[in-house]
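Peer 1: Residues per chain, in single letters:
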Amino acid sequence: MATMLTINGEQKSFDAPADMPLLWVLRDILGMTGTKYGCGIAQCGACTVHVEGRPVRSCVLPVGALNGRSITTIEGVAASPAGAKVQKAWLDLEVIQCGYCQSGQIMSAAALLAATPEPSDAEIDVAMSGNICRCGTYVRIREAIRQVATGQKVAPQTLPNEAPNQAAATGQVLSFVRVEGVA
Amino acid sequence: MNVRFDQPLGESQPDNPSRREALKMGGLVVAFLWLGGGAKVLGRAAAQGPVAAGDSAFAPNAFIRVGTDGAVHLVMPSIEMGQGAYSGQATLLAEEMDLGLDQVVVEHAPANRKLYANPLLGDQATGGSTTIRFCWTTLRQAGAAARALLVGAAAAKWKVDPAQCTVARGVIRHETSGRSMGYGEVANAAAQLPVPEKVQEKDAAQFALIGKPLRRVDTAGKVDGSLQFSIDLRVPDMKVATVKACPTFGGKLVAVDDSRARQVPGFVAVLKIDNAVAAVGEHFWAAKQALDALDITWDHGPNAQYSTEQLFKDLAEASKHGTPIPGKAVGNVDGVKGKALEATYQLPLLAHATMEPQNAIVHVRPDGCDIWTGTQVPARCVDVAAKLTGLKPESIVVHNQYMGGGFGRRLFEDPVEQAVAFARQVSYPLKMVWTREEDIAHDRYRPAYYDRIAATLGDDGKPVAWTHRITSGSVLATFAPGAMGKNGMDSDAIECAADVPYEFPNMKVEWVRHDMPEGVHLGWWRGVGPVHNVFVVESFMDELAHAAGKDPLDYRREQLQKNPRALGVLNLAAEKAGWGKGSLPARVGRGVAVAAPFGSYLCVIVEAEVSPQGEVKLRRAVAAVDCGIAVNPNTVAAQVQGGLIFGWTAALYNGITIKHGAVEQHNFNDYRMMRINETPALEVHLVDSKEAPGGIGETGTVMAFPALFNALFAATGVRLRSYPIDRAALVQGPDALKAVITQATDRAAAAKEGMA
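Protein chains in written order, with this note's numbering: chain A, 1 to 183; chain B, 1 to 756.
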């Protein structure tokens, strides 16, 4: 049975069993591998995509329930203002370590910021608590979301690789602490 | 230091600094040095061949390729699993070559022990927090030699003194004459020059990249889903398999009825090996549906009645009656008079649970074999494939990939071995992907430990005798049997137990080996030996401080007077955390731990709160770190932050348990991970240091356990000596629940009144 979906703004038609989770349609039929498999039981969030703008776990979402819906994946999230800002903040604060869970983290963060442009720390924790990161990047995820929300630098930033500064501070403790006083 | 590029480092120069540093750095590293392994920074002839980097006119060693178009490809001897190793290694090479990190392309190294072995591990392997320690000299030498050749070629062309030339971002300039040339333009000429015998690395004052929080080289493709892990790869004509191995350790496959599986749309085949079955489909979902539809008969084998209870009973028995192997002896612990304390600590088996489940694509052909996977040990993958297929190692190619977490799991090539065993039965490329359940059930587990530890305190409260007997299985014995001590000692088992930061006048540390039953496999887990020993040592130090009636931080400070770097991080952490200042609410406590794992020095202070019902909440943590020169301080901080959370996750929730010979945990529902809402405010403070770099990737994990457990003691007065945390032991008292219910009832009544 042919299923029609709008994925990242493009119409896609494919044959798949109705009970096949969206995750495997994306990865194994459409070849869109940015969305990851982590647990298969909606516990880790690595498979998070947007359906009509809302974050969902695609590993437990039968594709038959989605006919005609609009899907956004990590490959297309940059098209939204919130998505692009999240990606930039993720790089500026060097959130990423292994990166495997980060597609899902970014999708959850982009959905949060699109709906709630200035989330509190508690709202950040609630929105992001469905996404496991085994590398433990949570501190920086929180900071990066705050950075997007406030538009201010809330923690140490990476330097651009194109033109490294010549001077490095010496003889001082270098502290990785969230900057206080930023709303 | 002078290096001849035609001689292996570490063999011909017994006194080179990297070896000397390594020898100071303790068990795991020293153990592997016994193997006499070593990476050779080989000359040009040997380096050519293994890497196809397109146009690579200039290839002075195994790590650097410069094309005539100026493209610089750097081949990474240590793999990238999230720890920032590619960026660190590229920084060392680019620093000496005067390139920007944006100007280089990094490549996965092929399987080749001769070119890419890590001398600190005796194999082509990434682990033990050794990458920067191993590469600090090797890669800066390689980069400096390449720069000397390229500048030499330009100077010869211009007929000027190379010393008058400068380089910035890969462009060579001769200021006096105003001439300039890119690396690409001299690549061919540089390739004709003899590799220099003497190269001078930069002084620290000249560093343009090292020490800067530069952006990692691998993250751009990780924010848009474009970077592929091996689980994402698709090769032409491949089919997808998922696997179920006998849930009982050491059990065998007897029979499979696949009649229901054959009805699954997209079903391709069922493949069998000795102890496992694979369902193959057109895609993972078909394979998974087919696997679930198989009716499998197992022979559960000799471990069918094995359990966690049995494991700890056996360990306790071995501790009492086994033969201890001496690890460290200072003075004489017997007959020392004073206040005596003793305790027993028990640590569980742990799984790695990398976010990317185990997977590999294997294509076995009559004339060769291709393997696409993410592995910490590429050469070992070739070994197992050669053994299983009978193919020559030269015809087996490992295409290594970025890894979705490693933590030691990918130091074991058993999933690749299994994938080859299935793939050799078919003609098409077979992509094998384990489910999370399979990943948890068939890990190489962090060993369980049983520790008996005792001390005698003198009149001033300081330990005058310290006795520590560790009992465990041995990872080293299977991973690298040749690295075991002549007396049978596993140096990893006592790392950071025999070499504590304190000086005790009388000290005895010993290890009793107790092997797991056949089929129960142990493995390296983030933090290796120290993640166990630092927990026990620093918890017990806390017990001693309280027994001596002293502040636990002051107690440590008194005994670190001869250890300036340890003292430095202790004082820094104390200052930043405000130790001893202000008052804390009831059932909130601060815990401290200090240690020197992997050649670095750390002190971590945790502030934790325990609810009356025994629920634990981390409120705040402060880490002070002296890891010598931080090649990238941002990465160092990230590793400490992430490492702490990795450790706290295990402390709060983890422990693999065995019943009827099989693992009882399945997935993230019952093998829980810490989440963002449980993450405390977390500060990392780095000491500016000129010392050679220490290891960092595992240090946070090592420190996480004792700092948290000491905080729990401070909050509750309850000393926990095992994990995961026993909430029942932390319940305030029988009235605690009653109090909460009363409060809730009062609140409900108040709310009702308010509404009325």
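Simulated from the structure, these hints should not be mistaken for laboratory data. Beta carbons: idealized from backbone N, C-alpha and C, even for Gly. A portion of the hints provided could be inaccurate.
Said to hold, decoys possible - Here's a subset of chain B near chain A, in silico, CB distances under 8 Å, partners left out:
hint : residue
1    : Q83
2    : A148
3    : V160
4    : A163
5    : L227
6    : Q228
7    : F229
8    : P265
9    : A269
10   : H283
11   : E356
12   : R436
13   : Q641
14   : Q665
15   : S689
To be verified - Pairs of lysine-lysine residues, derived as DSS-like cross-links and limited to a Cα-Cα distance of at most 30 Å, are as follows:
hint : chain 1 : residue 1 : chain 2 : residue 2
16   : B       : K562      : B       : K328
17   : B       : K659      : B       : K690
18   : B       : K486      : B       : K328
19   : B       : K462      : B       : K392
20   : B       : K328      : A       : K153
21   : A       : K153      : B       : K320
22   : A       : K12       : B       : K320
23   : B       : K387      : B       : K252
24   : B       : K272      : B       : K252
Peer 1: State for each hint whether it applies.
Peer 2: Comparing the hints with the structure gives:
1. Q83: holds (7 Å)
2. A148: violated (22 Å)
3. V160: violated (25 Å)
4. A163: Since chain A brings no Cβ nearer than about 21 Å to B:A163, farther than 8 Å, the hint is violated.
5. L227: Holds - the Cβ of B:L227 comes within 8 Å of chain A, reaching about 7 Å at its closest.
6. Q228: holds (6 Å)
7. F229: holds (6 Å)
8. P265: OK, holds: B:P265 within 8 Å of chain A, min 6 Å.
9. A269: Cβ of B:A269 sits 17 Å from chain A, so the hint is violated.
10. H283: holds (3 Å)
11. E356: Because about 5 Å separates B:E356 from the closest Cβ in chain A, which is inside the 8 Å limit, the hint holds.
12. R436: holds (5 Å)
13. Q641: With a closest approach of 5 Å, the B:Q641 hint holds.
14. Q665: This hint is violated: B:Q665 lies away from chain A, its Cβ roughly 12 Å from the closest one there, beyond 8 Å.
15. S689: violated (10 Å)
16. B:K562 - B:K328: Holds - the C-alpha atoms of B:K328 and B:K562 are around 20 Å apart, at most 30 Å.
17. B:K659 - B:K690: The given pair, whose Cα atoms are some 51 Å apart, is violated under the 30 Å limit.
18. B:K486 - B:K328: Distance ~15 Å between B:K486 and B:K328 Cα, so the pair holds.
19. B:K462 - B:K392: Violated: B:K462 and B:K392 sit about 61 Å apart, past 30 Å.
20. B:K328 - A:K153: Answer violated: B:K328 to A:K153 is near 50 Å, above 30 Å.
21. A:K153 - B:K320: Given pair A:K153, B:K320 is violated - Cα atoms ~57 Å apart, limit 30 Å.
22. A:K12 - B:K320: violated (67 Å)
23. B:K387 - B:K252: Status holds; Cα separation ~21 Å.
24. B:K272 - B:K252: holds (11 Å)
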